[in-house]
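The lines below spell out each chain.
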Amino acid sequence: KAGVTQTPRYLIKTRGQQVTLSCSPISGHRSVSWYQQTPGQGLQFLFEYFSETQRNKGNFPGRFSGRQFSNSRSEMNVSTLELGDSALYLCASSLAVAGVEQFFGPGTRLTVL
Amino acid sequence: QKEVEQNSGPLSVPEGAIASLNCTYSDRVSQSFFWYRQYSGKSPELIMSIYSNGDKEDGRFTAQLNKASQYVSLLIRDSQPSDSATYLCAVLRGGYSTLTFGKGTMLLVSP
Chain A
1 KAGVTQTPRY
11 LIKTRGQQVT
21 LSCSPISGHR
31 SVSWYQQTPG
41 QGLQFLFEYF
51 SETQRNKGNF
61 PGRFSGRQFS
71 NSRSEMNVST
81 LELGDSALYL
91 CASSLAVAGV
101 EQFFGPGTRL
111 TVL
Chain B
1001 QKEVEQNSGP
1011 LSVPEGAIAS
1021 LNCTYSDRVS
1031 QSFFWYRQYS
1041 GKSPELIMSI
1051 YSNGDKEDGR
1061 FTAQLNKASQ
1071 YVSLLIRDSQ
1081 PSDSATYLCA
1091 VLRGGYSTLT
1101 FGKGTMLLVS
1111 P
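Chains A and B, in that order, are what the protein sequence lines are.
The first sequence begins at 1 in the numbering used here and counts up one residue at a time.
The second sequence begins at 1001 in the numbering used here and counts up one residue at a time.
Wrong hints could be hidden among the right ones.
Straight-line C-alpha distance at most 20 Å; calculated EDC-like pairs for lysine to aspartate or glutamate [stated by the list, open to error]:
#1 A:Lys57 <-> B:Glu1003
#2 A:Lys57 <-> B:Asp1027
#3 B:Lys1067 <-> B:Asp1055
#4 B:Lys1042 <-> A:Glu101
#5 B:Lys1103 <-> A:Glu101
#6 B:Lys1056 <-> A:Glu82
#7 B:Lys1067 <-> A:Glu52
Calculated from the structure, these hints are not laboratory results.
Just so you know, these numbers come straight off a predicted model, no measurement behind them.
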């Protein structure tokens, strides 16, 4: 069974630009969560989608947004990029909504110059 | 108080030894606990999950959970150099799907 896929794997943007990252969960998984990982803050939760609905949102500014499609694929968007948005963005998928194992994709490394 | 705490390390052990990684959490309603391994430049890989008090063994890995003490640990027996990585402890509150991570413990296994 194929794992979680994320595209693109690497991105370089400049301040003020916007970016869209994509995630395809494991086949049959309907929950997709997004996390930001930085050396200073570690892994931090961004948001979680289940059946095209945002179920939870982390403590991030409104510049960070996401959505989920009917095939469970998800995208996240960051507008007006700041230098501090440079990070590894990770997508995780799981079978159900609560309490179960989450499996991570390879991540998208975003560099903001 | 940080929600999930881990010693940042590095924890250095010789090949063949037992590595013991520890994690404490502050939210008493936490119900699901996970250990992820992350190699440098890679994404986290799930290696163990534990939901009830006691020990859970999988190959060379044993996860231990003590909810009364709000403590979860990971033991790696017969440590190998390939086990050198950062180990992340993650916690789920009951009824929620948001993982809260510790900052990880770096493990170094020397040949």
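Violated hints - listed by number, lowest first: Per hint list: 6, 7 violated.
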